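Protein chains in written order, with my numbering: chain A, 879 to 1168; chain B, 879 to 1168; chain C, 879 to 1168.
Keep in mind the hints are simulated off the structure, nothing from the lab. Just so you know, not all the hints are guaranteed correct.
What the hints assert, rightly or not - Listed below are the simulated BS3-like cross-link pairs for lysine-lysine, each with C-alpha atoms no more than 30 Å apart in a straight line: (1) A:LYS1111 <-> A:LYS1072; (2) B:LYS1156 <-> B:LYS1072; (3) B:LYS908 <-> C:LYS886; (4) C:LYS886 <-> A:LYS886; (5) C:LYS1072 <-> C:LYS1113; (6) A:LYS886 <-> B:LYS886; (7) A:LYS922 <-> B:LYS922.
Stated by the list, open to error - Far from chain C, some chain B residues (derived; all Cβ distances over 12 Å): (8) ARG883; (9) ASP910; (10) THR930; (11) GLU1073; (12) ASN1076; (13) LYS1133; (14) ASN1149.
Computed from a predicted structure; not experimentally measured. Note that the Cβ used here is the ideal one computed from N, Cα and C, for glycine as well.
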Amino acid sequence: MDFERLQKLSNRSTDIARSCKDIRDIYGEKEDGLYYLTTAYGTKYQTFCDMTTAGGGWTLVASVHENSLPGRCTVGDRWSSQQGSNPDLPDGDGNWSNRNTFGTAEGATSDDFKNPGYYDILAEDMSVWHVPNNFPIEHWNLGAILRYHTNNRFLRLYGGNLFYLFMRYPVRYNTGSCADRGPAVPIVYDHGDKELTNNLYGPNSRLEFDPGYITFRAINNERAAMAICSGVKTKGCNTEYYCIGGGGHFPEHSKQCGDFTAFDWDRNGGNPVWSASKEISESAVLLFYR
Amino acid sequence: MDFERLQKLSNRSTDIARSCKDIRDIYGEKEDGLYYLTTAYGTKYQTFCDMTTAGGGWTLVASVHENSLPGRCTVGDRWSSQQGSNPDLPDGDGNWSNRNTFGTAEGATSDDFKNPGYYDILAEDMSVWHVPNNFPIEHWNLGAILRYHTNNRFLRLYGGNLFYLFMRYPVRYNTGSCADRGPAVPIVYDHGDKELTNNLYGPNSRLEFDPGYITFRAINNERAAMAICSGVKTKGCNTEYYCIGGGGHFPEHSKQCGDFTAFDWDRNGGNPVWSASKEISESAVLLFYR
Amino acid sequence: MDFERLQKLSNRSTDIARSCKDIRDIYGEKEDGLYYLTTAYGTKYQTFCDMTTAGGGWTLVASVHENSLPGRCTVGDRWSSQQGSNPDLPDGDGNWSNRNTFGTAEGATSDDFKNPGYYDILAEDMSVWHVPNNFPIEHWNLGAILRYHTNNRFLRLYGGNLFYLFMRYPVRYNTGSCADRGPAVPIVYDHGDKELTNNLYGPNSRLEFDPGYITFRAINNERAAMAICSGVKTKGCNTEYYCIGGGGHFPEHSKQCGDFTAFDWDRNGGNPVWSASKEISESAVLLFYR
Chain A
879 MDFERLQKLS NRSTDIARSC KDIRDIYGEK EDGLYYLTTA YGTKYQTFCD MTTAGGGWTL
939 VASVHENSLP GRCTVGDRWS SQQGSNPDLP DGDGNWSNRN TFGTAEGATS DDFKNPGYYD
999 ILAEDMSVWH VPNNFPIEHW NLGAILRYHT NNRFLRLYGG NLFYLFMRYP VRYNTGSCAD
1059 RGPAVPIVYD HGDKELTNNL YGPNSRLEFD PGYITFRAIN NERAAMAICS GVKTKGCNTE
1119 YYCIGGGGHF PEHSKQCGDF TAFDWDRNGG NPVWSASKEI SESAVLLFYR
Chain B
879 MDFERLQKLS NRSTDIARSC KDIRDIYGEK EDGLYYLTTA YGTKYQTFCD MTTAGGGWTL
939 VASVHENSLP GRCTVGDRWS SQQGSNPDLP DGDGNWSNRN TFGTAEGATS DDFKNPGYYD
999 ILAEDMSVWH VPNNFPIEHW NLGAILRYHT NNRFLRLYGG NLFYLFMRYP VRYNTGSCAD
1059 RGPAVPIVYD HGDKELTNNL YGPNSRLEFD PGYITFRAIN NERAAMAICS GVKTKGCNTE
1119 YYCIGGGGHF PEHSKQCGDF TAFDWDRNGG NPVWSASKEI SESAVLLFYR
Chain C
879 MDFERLQKLS NRSTDIARSC KDIRDIYGEK EDGLYYLTTA YGTKYQTFCD MTTAGGGWTL
939 VASVHENSLP GRCTVGDRWS SQQGSNPDLP DGDGNWSNRN TFGTAEGATS DDFKNPGYYD
999 ILAEDMSVWH VPNNFPIEHW NLGAILRYHT NNRFLRLYGG NLFYLFMRYP VRYNTGSCAD
1059 RGPAVPIVYD HGDKELTNNL YGPNSRLEFD PGYITFRAIN NERAAMAICS GVKTKGCNTE
1119 YYCIGGGGHF PEHSKQCGDF TAFDWDRNGG NPVWSASKEI SESAVLLFYR
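Pulled out of the complex, with its shape left as it was, chain A reads as follows (with noise of 0.2 Å):
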């Protein structure tokens, strides 16, 4: 056992601060790694800080994974639903506007997960990484497919996180047309480019956005509505092609519904066209906040 390492990271629990910014900036920590917060209110919680990205002080707030592309909003799928396509249900399980919290920082690739932070903290920029399913945390940032940040502060101008943006547009069934999505932001990339976005996702699905962006509650041409379009600025209506995240109805087809919407589509097809690539499919969502 490397002792001396063990105590270097126990330590790290006298650290009081609401979010890896702070520990970077009061502290000075400059590793990537595990870090304790603490709320406004007093709750506790271990996270991951990303201190190398563009400066660093980024805190993974959440990850959104696909446990079974198959399910059709079934257990697991705890960023859209539980129960089932219902349109009784529009908000579907609701935790992307709720204090609910789930999962843990070393398993963020293997199952979902949010923490307090996710509600708690008042940031300005996001940052994504999507790292392949399972992947051990001490290598994602190698192991990531994409990676990439925002840095126009757009979080000041919907209250500071994604708990208070999506009161603002909620992930919701029926909540309004596909002409209401939220906001879409452009993002710088650390790993990846326009091109490779545009591969991660279906043929079709390329001619209904623009690469280089991040947008939020995307709306369907059935009015469902979607969290994430990740890498992407939405101009068509079938966004549950490459949109994650949902509310708890998608009236095209129960089959849409889930974590990861209808990423597998038409794989099954020979010829998918509207499908997402395996690579996208199969890789958590990781949110930071900073």
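Model the placement of chains B and C on the given structure of chain A, informed by the hints.
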């Protein structure tokens, strides 16, 4: 960041106590908020202490949150059954009388919550708060639609907590008839009164109970068991309209199975006579010991 | 409140160790109970250490608890699948070989449990306790119906823990035939013996195994995979009657799918020949490393 405030909250982790009553008595703490507790066996956890109501010292040990009234003993119905209404599973998930725990204090109005205090703390009285779903913890007290507590030390007769009380009065299908209900204990109102209690339930239900009590382990006409009838003493046997939690089988109709049983029974019928109010149906039930 | 006792338990949180073996070796602790451990990456967690059996130093890393034998890969079947028996999900929930964690040590006989030690600790041997459901932690040792351990350091050949062992021998439907089972390791009994092991399973099952071993990754006639055959070395191929955990598909019958597979196969038939005993079916399987 309010650094001194966070530091103060963090320092609470050095307190050693088994209940909020201990925190009050030993450390003289008088502020509502999160504190660390330790079970007799050594499990450490954080929960909310109400340090003001009737002298304070109340420990939040659980919340019953209905995530989906249309659900029928589906995912999230931890206080009844997540396996469907099934006579072969008379105890359902069994959480009223086991040591399983779930959720967090800050998330207690967003999802079910149960901490080790539920089975570990030896108490005399209970307090109950009905707080609208997703209400933030700092405003629970003011936001509650109903708050009350017992003051006759009834828990001393039943083992000191709900874990032991429900060992004696199992929340189990077919364990007895409507006449075999558990104790009905008089309450003192901290917010609300008997009239308000009446109005929280349907007009027909009001003919079946007396307000001003809390009843444990009710049994309905079809021998389905429920855990808590909040604010009332049962006289009738259609307890599925005003009692919550339950065993694993509701013979009359699977729609009655769930954490909030049949609170939505005839709400869609235009002129509901049994359904509970929208207010109580969309509030989490927070359970405290002292 | 026994204040000194609580204080002593609480002080254990300053120990820095990666396993109960470390706690014993570095800090000289000899008392069974809860201790804090830290993973190589810094995640801190509390678990139970058995400090007495065969020299002590055993870390509880998981428990397999059957919440509903009638369930068929439904909610709570985390060690097989919560998605129903489905050939499109050959790995089921995949928890035998990922970093997802759930449950608590004190609740380990009331629900499934898996902590970071499962994938983090590098060990040589395993110990297994079968403890009746809902038994309190302070009496697990005396209450167990079967306890045994290995002593040939077999884990050194398979990566040091179950996480790596099951990487090599995936708990996956259709990954091989009955002949492709993983290692069968001889055991030393701490409570019980070969005769008792025999009697825990059905009469027909006894013709298919030798007691006195623990077998990993068994495969049945229909190519369904199971994780652990506790107490026995498989000779036959109807392993669903005496092995637990599993992948996501059981072709013979969906009733075989679940954490405790087909332990209740013909119990309702009057004269069961395959069903396991009520005793083992209603006990959680606690897994330790050293």
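Problem set entry | Hint consistency between A:LYS1111 and A:LYS1072 [alpha-carbon to alpha-carbon, up to 30 Å] | holds (12 Å)
Exercise. For B:ASN1076, is the shortest beta carbon distance to chain C beyond 12 Å?
Worked result: holds (36 Å)
Problem set entry | 30 Å Cα cutoff - pair C:LYS1072, C:LYS1113 | Holds: C:LYS1072 and C:LYS1113 sit about 16 Å apart, inside 30 Å.
For this session: Beyond 12 Å from every chain C Cβ: check whether that's true for B:LYS1133.
Result: At roughly 19 Å from the nearest Cβ of chain C, B:LYS1133 sits farther out than 12 Å, so the non-interface label holds.
Exercise. Going by Cβ atoms, does B:GLU1073 stay more than 12 Å from chain C at every point?
Worked result: holds (40 Å)
Exercise. Just checking, B:THR930 versus chain C, shortest CB gap more than 12 Å?
Worked result: The assertion about B:THR930 holds, with a minimum of 22 Å to chain C.
Exercise. Taken at face value, is the distance from the CA of B:LYS1072 to the CA of B:LYS1156 at most 30 Å?
Worked result: holds (18 Å)
Problem set entry | 12 Å cut-off, C-beta based - B:ASP910 kept clear of every residue in chain C | holds (22 Å)
Problem set entry | Hint consistency between A:LYS886 and B:LYS886 [alpha-carbon to alpha-carbon, up to 30 Å] | Holds, at about 23 Å.
Exercise. Is A:LYS922 within 30 Å of B:LYS922, Cα to Cα?
Worked result: Holds: A:LYS922 and B:LYS922 sit about 12 Å apart, inside 30 Å.
Exercise. Would you say B:ARG883 is clear of chain C, with no C-beta pair closer than or equal to 12 Å?
Worked result: About 23 Å separates B:ARG883 from the closest Cβ of chain C, which puts it past 12 Å; holds.
Problem set entry | Beyond 12 Å from each Cβ of chain C, as asserted for B:ASN1149 | holds (36 Å)
In this structure, none of the earlier numbered hints is contradicted; all agree with it.
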